[in-house]
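Trainee: Residue numbers (the working numbering), protein chains in the order written: chain A, 1 to 234; chain B, 1 to 291.
Incorrect hints may appear among the rest.
To be verified - Mimicking EDC-like on lysine to aspartate or glutamate, the simulated pairs with C-alpha atoms at most 16 Å apart in a straight line are:
id, chain 1, residue 1, chain 2, residue 2
1, B, 92, A, 52
2, A, 72, B, 190
3, B, 189, A, 179
4, A, 116, A, 28
Stated by the list, open to error - Covered stretches of chain A (in silico footprint by chain B; criterion: 3 or more residues with CB under 8 Å from a CB of chain B, positions within the stretch not fixed):
id, region
5, 58-72
6, 86-96
7, 102-108
No lab work stands behind these hints, which were simulated from the structure alone.
No residue lacks a Cβ here, since even glycine has one placed at the ideal position from N, Cα and C.
Now for the letters of each chain:
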Amino acid sequence: MLRTTDLNAYYGQFHVLHDVSVHIKEKEVVVVLGPNGHGKSTLLKSICGLVDRVEGSILYKGQNITGRPAEKLVNEGVIYIAENRELFPEMSVLENLKLGAYSKNARSHEKKNMAKVLDLFPRLEERKKQMASTLSGGEARMLAIARGLMSHADFLCIDEPSLGLQPNLRVEVFNIIKEINKQGKSILLVEQNIPQIAELADRIYMLEEGQITFEGTAREALENDHLKEIFLGM
Amino acid sequence: MLIEYVDVFISGMTNGSVYALMAVGLTLVYGVSKAFNFAYGSFFSLGGYLAWILLALVGIWGGYISVFLVALPLLMVFGYVTEKLIVAPLRKRSDWEIKVMMLTLGLALFMDNLFQVVFGSRMKSLPPIVDGVLEVGDLVVSYQDVVIFILSISGILAFRWFLNNTRIGMAVRAVAQNPEGARIVGIPKDRIFAATFGISTVMVGLGGVLLAQKYFVSPSGGWDILVKSWVITAFGGMGSIRGGLYAAFILGMLEAFVGYWFGMTWVLFALFGVLLATLAVRPQGLLGKWG
């Protein structure tokens, strides 16, 4: 569904990604692991058209989308769901969701997706009229995911959805991601929580210092000594 | 004595309402795109001159209604194109905010001189939008003031409705609150910037049409408006539309009463005095936020 080949990304003079080649098949959940500050978010942002300088190629459904800006990519079905949420703080939950369906492609599906999303996130239904800035951390994270789903995208890049959440909320978020995947979305996920990833991920990439250092299934990852050392301290 | 105060009060309300309309436009552009428009005053004059061309030169059928129908769309297009040609190309550069200030300042000087060449330096006056006065006992209120007040407030309310109830209005608020988030959901930021610039041009241009009936249109008459709009925007809190509204009426009143008690020469002095005092206590303005 999506394939990057020798992807390089830069922030100004800073060279973040070095020849990164990853691929995600249709309806897969692929997880990117790696230490903080080694380019995981940059990889997602590069794919979603949020990094200004990107070299190499990104193919999506056979189309070359390298360097296409985010506001256009949303319409093609690729969306970024941010770790810092990027919500509209002084708007209601409902308005945030409506704006999630801003792109042309999403507009015609707005009603249907709204019903789906509110069904998936009953908590947001309860807080429909509340300002986004008054939500708790967990609720805001839910809203970010829900807003992403409103875009009617098939390919979701979700950046650390469980970051800073309590364990029970983490489980909730992972269950929702699993459910979204079941409904047919392909997902590229950045995560740190190994136990949950193991049952969620079809495949795993390890990104260190801007380079892919491991690729394999979740089981292979758990048996890999290098990964164990980094994440489990074993 | 009391009647005179009521007169002054009405004058303050009328001017305040037009200032509010114009300050909202300026705040809008700053709030959404962080651009300072120093040609704002010249856009005010442009509105006045457009009305003068249509009424005095062309003698347009239908009077002011036609003026609004013709001039306001033209102002929208003018603002949109100006943003695309002058402001947008700078946005990718470093220190673009300063460069926008310099360039719009240049545009203001250019426009003012162009007005002088085309229209001459003599002031133009416009006929009142409606004639006649309303007499309530000793109190005399001109219909013109009433109509100016109603039109300004309607302009603000229409804008508010637009922001809250239309798709583009929501997109404008989204860009103001979180530009990156707006990109993520697919809002074309650049088009929103240009559209808000266009809308703000309509607001100040409408202000120009409305105030030109009470005062005059002159090539350099916009500077006073630029200064007042900035004072109101800073006083109300940069980027806060509600703050700008309060500030506009407070300063409109202040202007009317200072003018009445001490003479018009003292008006700007008083405005800046109040601004300085306010900023000394609340550097972010009445309702502004930091950052």
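Trainee: Within 16 Å, alpha carbon to alpha carbon, are residue 72(A) and residue 190(B)?
Mentor: holds, 13 Å
Trainee: Can the restraint linking residue 189(B) and residue 179(A) be considered satisfied, given a maximum Cα separation of 16 Å?
Mentor: Violated. Residue 189(B) to residue 179(A) sits at ~33 Å, over the 16 Å cutoff.
Trainee: Per the coverage rule (Cβ-Cβ under 8 Å, at least three residues), is the region 58-72 of chain A covered by chain B?
Mentor: Held - the region 58-72 of chain A has 4 residues with a Cβ nearer than 8 Å to chain B, which meets the minimum of three.
Trainee: Against the 16 Å threshold, does the CA-CA distance of residue 92(B) and residue 52(A) hold or violate the hint?
Mentor: holds, 11 Å
Trainee: Is the listed coverage of the region 102-108 of chain A by chain B valid when you require three or more residues with a beta carbon under 8 Å from a beta carbon of that chain?
Mentor: Since 3 is at least three, the answer is holds.
Trainee: With the threshold set at 16 Å, check whether the alpha-carbon distance from residue 116(A) to residue 28(A) stays at or below it.
Mentor: violated, 21 Å
Trainee: According to a criterion of three or more residues whose C-beta lies within less than 8 Å of a C-beta of chain B, is the region 86-96 of chain A covered?
Mentor: Held - the region 86-96 of chain A has 7 residues with a Cβ nearer than 8 Å to chain B, which meets the minimum of three.
When held up to the earlier numbered hints, the structure conflicts with 3, 4 and fits the remainder.
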